[in-house]
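> Chains as they are written, first to last, in this note's numbering: chain A, 580 to 747; chain B, 82 to 209.
Certain hints may be false.
Over the 10 Å line for every Cβ pair with chain A, so calculated as not near, a few chain B residues [said to hold, decoys possible]:
1) G150
2) Q154
3) R156
4) P157
In silico lysine to aspartate or glutamate, EDC-like type, Cα no more than 16 Å apart, as pairs [to be verified]:
5) A:K621 to B:E180
6) A:K621 to B:E192
7) A:K643 to A:E676
8) A:K620 to B:E192
9) A:K620 to B:D187
10) A:K699 to B:D187
Simulated from the structure, these hints should not be mistaken for lab results.
For each residue, glycine too, the CB sits at the ideal point set by N, CA and C.
Letter by letter, the chains look like this.
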Amino acid sequence: MKQSGTFALTANGDREIVVTRVFHAPRQLVFDAYTKPELVKKWLLGPDGWSMPVCEIDLRAGGKYRYVWRQDSDGKEMGMGGVYREVVAPERFVATEIFDEAWYPGEAVDTIVFVERAGKTTMTQTILYNSRETRDAVLQSPMEKGMAMSYDRLEEFLVVLRREALSA
Amino acid sequence: MEPYGYGLNSVRLDATFAALADPTRRAILARLAKGEASVQELAEPFAMSQPAISKHLKVLERAGLISRGREQQRRPRRLEARPLREATEWMEKYRQFWEGNFRRLDALLVEMKSTGVKKKSKKQLHQK
Numbered sequence: 580m581k582q583s584g585t586f587a588l589t590a591n592g593d594r595e596i597v598v599t600r601v602f603h604a605p606r607q608l609v610f611d612a613y614t615k616p617e618l619v620k621k622w623l624l625g626p627d628g629w630s631m632p633v634c635e636i637d638l639r640a641g642g643k644y645r646y647v648w649r650q651d652s653d654g655k656e657m658g659m660g661g662v663y664r665e666v667v668a669p670e671r672f673v674a675t676e677i678f679d680e681a682w683y684p685g686e687a688v689d690t691i692v693f694v695e696r697a698g699k700t701t702m703t704q705t706i707l708y709n710s711r712e713t714r715d716a717v718l719q720s721p722m723e724k725g726m727a728m729s730y731d732r733l734e735e736f737l738v739v740l741r742r743e744a745l746s747a
Numbered sequence: 082m083e084p085y086g087y088g089l090n091s092v093r094l095d096a097t098f099a100a101l102a103d104p105t106r107r108a109i110l111a112r113l114a115k116g117e118a119s120v121q122e123l124a125e126p127f128a129m130s131q132p133a134i135s136k137h138l139k140v141l142e143r144a145g146l147i148s149r150g151r152e153q154q155r156r157p158r159r160l161e162a163r164p165l166r167e168a169t170e171w172m173e174k175y176r177q178f179w180e181g182n183f184r185r186l187d188a189l190l191v192e193m194k195s196t197g198v199k200k201k202s203k204k205q206l207h208q209k
């Protein structure tokens, strides 16, 4: 897996997509930032102009979580939620995820693992879909397709190509 | 995972990314980025028949990544910048989406670290 950028997103096996990112902080802090609502609300916002009015987390096996984002310009909302299956602070947690307006069938299962080494924490998020078909359907979206074929390389290629095309 | 990229351009982006998913087609685009070329000229660097190259050209053409020149004999292919620009812009937007989140998290972690240090006693700070 190539990881020259700050994060990497790849397809794995038949049913998984994997996102990794390194943070310059001990894992207890990163774990807190991922699991305490008052902290999650500060960063898990998506594109500019979106806020996160709802962030409820019941951090225990069997506990639920609920996120709602709102686009401030037009009030458009997007919600998702799920149930924690396993919580081992500050090492890992496993939770189901389902979007209100589901764009893939069934629920997916997220496993987020934090590994600390020399003061840095590597976050690995594995999203397991309910079937190969679902994963592949997600892969059909341009975002995943671009990512799966190695995001960084493709982007470099596109940028170079574009520059040459425009100067031609 | 957010349903990002499910906008008006998503079908077109799909075609663009599908077309770009092949190394031969990327090489053809890289060649065309230097200027237009005939099918024969495009086939030369590859150990491939002209019909095989033509197949790749059709995929690129359908994705709107290349077009044919008017010159009757050579029918040179040329690169179309727009879909590439859209693909690049889309990826940039998507990168910003993730990176925006992760950068905010970076900043938050710095803040959390400094708050944690403040809470510690002077003694602990000296030990650091």
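> Could you run down the list of hints and mark each one as holding or not?
Results of checking the hints against the structure:
| no. | hint | verdict |
| --- | --- | --- |
| 1 | G150 | 13 Å, holds |
| 2 | Q154 | 22 Å, holds |
| 3 | R156 | 19 Å, holds |
| 4 | P157 | 13 Å, holds |
| 5 | A:K621 to B:E180 | 14 Å, holds |
| 6 | A:K621 to B:E192 | 12 Å, holds |
| 7 | A:K643 to A:E676 | 10 Å, holds |
| 8 | A:K620 to B:E192 | 15 Å, holds |
| 9 | A:K620 to B:D187 | 14 Å, holds |
| 10 | A:K699 to B:D187 | 12 Å, holds |
Checked against the numbered hints given earlier, this structure breaks none of them.
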